[in-house]
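Undergrad: Each chain, written out:
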Amino acid sequence: MHSANEIFRDFAPEGARRDWTRRELLAAGAVGAGALLVPGFIAGCAGSGAHLTPPPPPGIAIGGPAGGGHFARFGIDGDVLRKVLLRAMSRGGDYADLYFQHKLVNFLALEDQEVNQAYGRVALGCGVRVLKGDQTGFAFTEDLSLPALLASAETASAVASASGRTAPPLEYVSPPADYYRVEIPWSEVEIARRVPLLQSVCERARKTDSRIITVRANLGDTTDNVLIATSDGVVVEDSRPMTEASVMVVAESNGRRESNGESRSGRRGFELLDGGRFEELAESAVRRTVVLFEATPPPAGEYPIVLAPGLPGILLHEAIGHGMEADFNRKGISVYADKIGRRVAPSFVSIVDDGTNPGVRGTLNVDDEGTPTEQTVLVEDGILKSYMHDRISAAHYGVSPTGNGRRDDYRFPPVPRMRNTVMLNGPHAPEEIIASVKYGLYAESFTNGQVRIGSGDFSFYLKNGYLIEDGKLTRPVKDANLIGFGPEVLEKIEMVGDDLEVFSGMGNCGKDGQRVPVGFGLPTTKCGGMSVGGVS
Amino acid sequence: MSDENTKQLFDKARRAAAAARAAGADDARVRVSRGREVRVEWRDGRLDRIRESTEQGMSLALFAGGRYSAHTTSDLRDEALVGWIENAVAMTGHLAKDPDRMLPPPHRYEGLVEHDLDLVDPTLAALAPEDRLRNAKALEEAARTGEGADKVISVTTTAADTDSQTVLVTTNGFEGTERSTGVFWVAQVSVRGEGERRPSSWSWAQGQHASDLPPIEGIGAEARKRALAQIGARQVPTGRYQVIFENRAAPTLVGHLIRPLSGAALQQRQSFFEGRLNEEVGSPLLDIRDDPHLPRGLASTRFDGEGMATVPRKVFDSGVLKTYFLDTYYASKLGMEPTTGQTTNIIWADGARDQARMIASLDEGLLVTGFLGGNSNSTTGDFSLGINGFWVRDGAIVHPVSEMNVAGNHLGFWKQLVEVGSDPWPYSSARTPSLRFTDVQFSGI
Chain A
1 MHSANEIFRD FAPEGARRDW TRRELLAAGA VGAGALLVPG FIAGCAGSGA
51 HLTPPPPPGI AIGGPAGGGH FARFGIDGDV LRKVLLRAMS RGGDYADLYF
101 QHKLVNFLAL EDQEVNQAYG RVALGCGVRV LKGDQTGFAF TEDLSLPALL
151 ASAETASAVA SASGRTAPPL EYVSPPADYY RVEIPWSEVE IARRVPLLQS
201 VCERARKTDS RIITVRANLG DTTDNVLIAT SDGVVVEDSR PMTEASVMVV
251 AESNGRRESN GESRSGRRGF ELLDGGRFEE LAESAVRRTV VLFEATPPPA
301 GEYPIVLAPG LPGILLHEAI GHGMEADFNR KGISVYADKI GRRVAPSFVS
351 IVDDGTNPGV RGTLNVDDEG TPTEQTVLVE DGILKSYMHD RISAAHYGVS
401 PTGNGRRDDY RFPPVPRMRN TVMLNGPHAP EEIIASVKYG LYAESFTNGQ
451 VRIGSGDFSF YLKNGYLIED GKLTRPVKDA NLIGFGPEVL EKIEMVGDDL
501 EVFSGMGNCG KDGQRVPVGF GLPTTKCGGM SVGGVS
Chain B
537 MSDENTKQLF DKARRAAAAA RAAGADDARV RVSRGREVRV EWRDGRLDRI
587 RESTEQGMSL ALFAGGRYSA HTTSDLRDEA LVGWIENAVA MTGHLAKDPD
637 RMLPPPHRYE GLVEHDLDLV DPTLAALAPE DRLRNAKALE EAARTGEGAD
687 KVISVTTTAA DTDSQTVLVT TNGFEGTERS TGVFWVAQVS VRGEGERRPS
737 SWSWAQGQHA SDLPPIEGIG AEARKRALAQ IGARQVPTGR YQVIFENRAA
787 PTLVGHLIRP LSGAALQQRQ SFFEGRLNEE VGSPLLDIRD DPHLPRGLAS
837 TRFDGEGMAT VPRKVFDSGV LKTYFLDTYY ASKLGMEPTT GQTTNIIWAD
887 GARDQARMIA SLDEGLLVTG FLGGNSNSTT GDFSLGINGF WVRDGAIVHP
937 VSEMNVAGNH LGFWKQLVEV GSDPWPYSSA RTPSLRFTDV QFSGI
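Just so you know, the protein sequences line up as chains A and B, in that order. Under the numbering used here, the first sequence has 519 at position 519, and the numbering climbs by one with no breaks. In the numbering used here, each residue carries its 1-based index in the second sequence increased by 536.
Derived by calculation from the structure, the hints in this document are not laboratory data. Virtual Cβ for every residue (Gly too), placed ideally from N, Cα, C. Just so you know, not all the hints are guaranteed correct.
As the list claims (entries may be wrong) - No more than 25 Å apart at the CA atoms, straight line, and that leaves these computed lysine-lysine pairs for BS3-like:
1. K472/A with K492/A
2. K687/B with K673/B
3. K687/B with K103/A
4. K633/B with K207/A
5. K132/A with K687/B
6. K548/B with K339/A
As the list claims (entries may be wrong) - Just a sample of chain B residues kept apart from chain A, beta carbon distances all over 10 Å, derived:
7. N541
8. E646
9. E732
10. K869
11. D930
12. G944
13. E955
Stated by the list, open to error - Some, not all, of what chain A presents toward chain B, calculated at C-beta under 7 Å:
14. T136
15. N425
16. S459
Between the sequences and the hints, there should be enough to build the whole structure, so can you do that?
TA: Set out below in structure tokens:
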């Protein structure tokens, strides 16, 4: 099938990789284990692609609250919002919200040394949600006419069965801060300028090492316009930019082949890749690939792991992040349920989930329930402090939402999700950490990870690393799955460096059948033993 | 869905194809789909979430002046579509020419299988909200009844059904439509384990027809038993062991094996199967066909994503690789005949014994019932996957196993396949039986 999905099949995550039919995907979505994917390898979403000129807005505004910049885009006004919210609350729901979304994705790809593929995606629709206690009624429509919106509201309202409630007057609220950092918007970068950039990336990759036999370079930009209206009377809009670039190469040497990739992403504009930055990414992808010719799978068994700064922050995402999402705790099924206030790691370990890092991939001005984001402290000096909440779990625990309510798009109700999950700097020097290991693994890059929320077991897949022998990095290793028990790995963190890096590539997190962009990072970190899936 | 619905979808697709030509495209392929889904999620004695929606979308492949691009939209209003198509065609003009991009020749559209694939269950349209709630409740009740029920912390169940229709239209003469219904039931159970662990597991069934699903109580009970069985899981020493991969877990392995057979992987030099057509790559027990015409098959279809008539084919014949999955584009680049760009229902040759009998004759080894992360390198064939399951000795399960990995290389691994079970898992398009291998690398402590 000629679709972006096909192009990506080889780089696609577990679910997509297996050629799920739509029917199977439904079932797969029903079981939400946390899975994280880092491209370079694992690129993007099925059906994403390029539409270099946005289509005309679907309608004309006929008035509305002040500041409603997206009203025209959705062909709605304050009166429509009120009517639909009233209908949503008509059977006695406690709360309702409307999530209007108009998302434009442009995607350009180079393969076989030519920029010969472009993909575009337009997603326009509205999700209507009604809450009754912690119960959810949800419906969506792609037809934004008033009758269709009212029909969706009627469907979602059925979660409740009492008499109707009125909704307060709506007030337009601006996001409290703008954490996106776009200097050169993609709308100002014509396709004629993007094509030579991809060609230059390809040339750089081939020039960096003569063993490169294929190069694939992808360039994507997204503008995601959302308008959220709630029965609390709040209307908030957010226009979310995203840049995604990746380079994948295959190298051949003495009849052997290796492949690897690199990616760069952020809530930034063209400046993220301009000025030779995209070409540097190509060089890095080549270096990560050709080193694999010297590499072997590491020895099988259990031994200490030193995580390089940045990308290996995937450990936090799996070992603790998902387990701290409050929905799993509210239901009592997380290994971290009932552990708030208890020590879970040594005193030099602090972990936050932050929606406010300027320009970072998982950053949001407001979450998908309209709640302003914040830096949420998960672990402070080794003590478990807070779960990550959406509106439902916050009400359950009697706390304020933390701005973690996120959704894939308008077709899904929000659930607690991570944003940028980061371990803060510790007291140790990176060199000191490596020197302290007699025999172990230095892990530089990973491609994917997964966790079982309840048992606490998690894994992440090593792509590039080195053995550590007598305190020194020795031979390169590759392709091994690492497994550990989350709470034990945290408890047995032995050293934390002072060189925090936040991963600057493309991380996607899957849960509950929904995929969202996330960030993560850590300083150089020494863990106790984890089982390494190598060969003996 | 009605004939009127079909007519509307075809009208929409034909008009989009015409608009693409009017905007300057030489050719176009348009897919328009509409699907309805109702899903009830039930948790711990009450309704948790109810979701109900109708989804629509169009995807458009454009061939203009020897150039290619593809687009999707959910905004199907006529006034939006024309401008969207004009922009898409104009943008395509900036790309490099790609002579291998073309619609399939019309003769590839001919010979659609004539027998009814039986993909629509008309009884699903009559399902009432109470029916779904009753099913979701029944799943939970079964999960909470019986041995070990006192250890259950939480049960979440799902009952859902779908009805979706797609039409495909090309400017060189293909017009086709496919409709299918689906129904699925899922039970997820969390139990109190040792220490702070709360093992969970799930069981599910799905089909195109409600009558293809097993008794609902069995699904709930199975989920509870699987969660309880994990209590006390531990590692066994690193080593090489015999292993049985359970039928419902084995599709993951088979997926990793089949992925490098795609045209994109082969042409982009990322396939360890390059140049191995008609070579022996596995034991004689590696015997798989791709059958798009299986009645009520989860992936059954009369035509593929390009409109090419589907054909049942051998993928591996007694260990010998027999086919690649080539769409028109990558086949042209490789100088080969296209087959199809997609797999459908994966069917294994029948084995003699079911899983229970396979375990009973295992002296010592592992039974793998699930995977946790890991990956497989399509370029080299190396794989390393997290597993959980059971340690088996003298034909009996000794204790559950977790925090372990299995690793190898596909080019040697499939030659170690020594037994194929008689128990293909019917609730996946990859209908894989239990598979037994010898001398496989596991890492634990």
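Undergrad: Take the hints in turn and mark each one as holding or not.
TA: These are the hints, each one checked on the structure:
About 22 Å separates the Cα atoms of K472/A and K492/A, which keeps this hinted pair within 25 Å; it holds. Restraint check: the Cα-Cα separation between K687/B and K673/B comes to about 19 Å, which is no more than 25 Å; the hinted pair holds. Between K687/B and K103/A the CA atoms are separated by roughly 45 Å; this puts the pair beyond 25 Å, and the hint is violated. Distance check on the hinted pair: K633/B and K207/A sit about 24 Å apart at the alpha-carbon level, within 25 Å; holds.
With a C-alpha separation of about 29 Å, the suggested pairing of K132/A with K687/B is violated against the 25 Å cut-off. Under the criterion of a C-alpha separation no larger than 25 Å, the hint pairing K548/B with K339/A is inconsistent with the structure, at around 55 Å. The Cβ of N541/B sits about 15 Å from the closest Cβ of chain A, beyond the 10 Å cut-off, so the non-interface label holds. Its beta-carbon lying about 19 Å from the closest one in chain A, E646/B satisfies the requirement of being farther than 10 Å from that chain.
For E732/B, the condition that its CB be more than 10 Å from all CB atoms of chain A is violated, with the nearest at approximately 6 Å. Chain A draws K869/B into its interface by the beta-carbon criterion, the shortest separation being 8 Å against a cut-off of 10 Å. Even its closest Cβ contact with chain A, about 25 Å, leaves D930/B beyond 10 Å, as expected for a residue assigned away from the interface. A beta-carbon of chain A is positioned within 10 Å of the beta-carbon of G944/B; the least distance is around 7 Å.
Taking the minimum C-beta to C-beta distance to chain A, about 23 Å, the non-interface status of E955/B holds against the 10 Å cut. The beta carbon of T136/A comes within 4 Å of a beta carbon in chain B, closer than 7 Å, and the hint placing it at the interface holds. A hinted interface residue such as N425/A counts as satisfied when its beta carbon comes closer than 7 Å to some beta carbon of chain B; here the least separation is about 28 Å, so the hint is violated. Hint status for S459/A relative to chain B: holds, with the closest Cβ pair at about 3 Å, below 7 Å.
Comparing the model with each numbered hint stated earlier shows that hints 3, 5, 6, 9, 10, 12, 15 do not hold.
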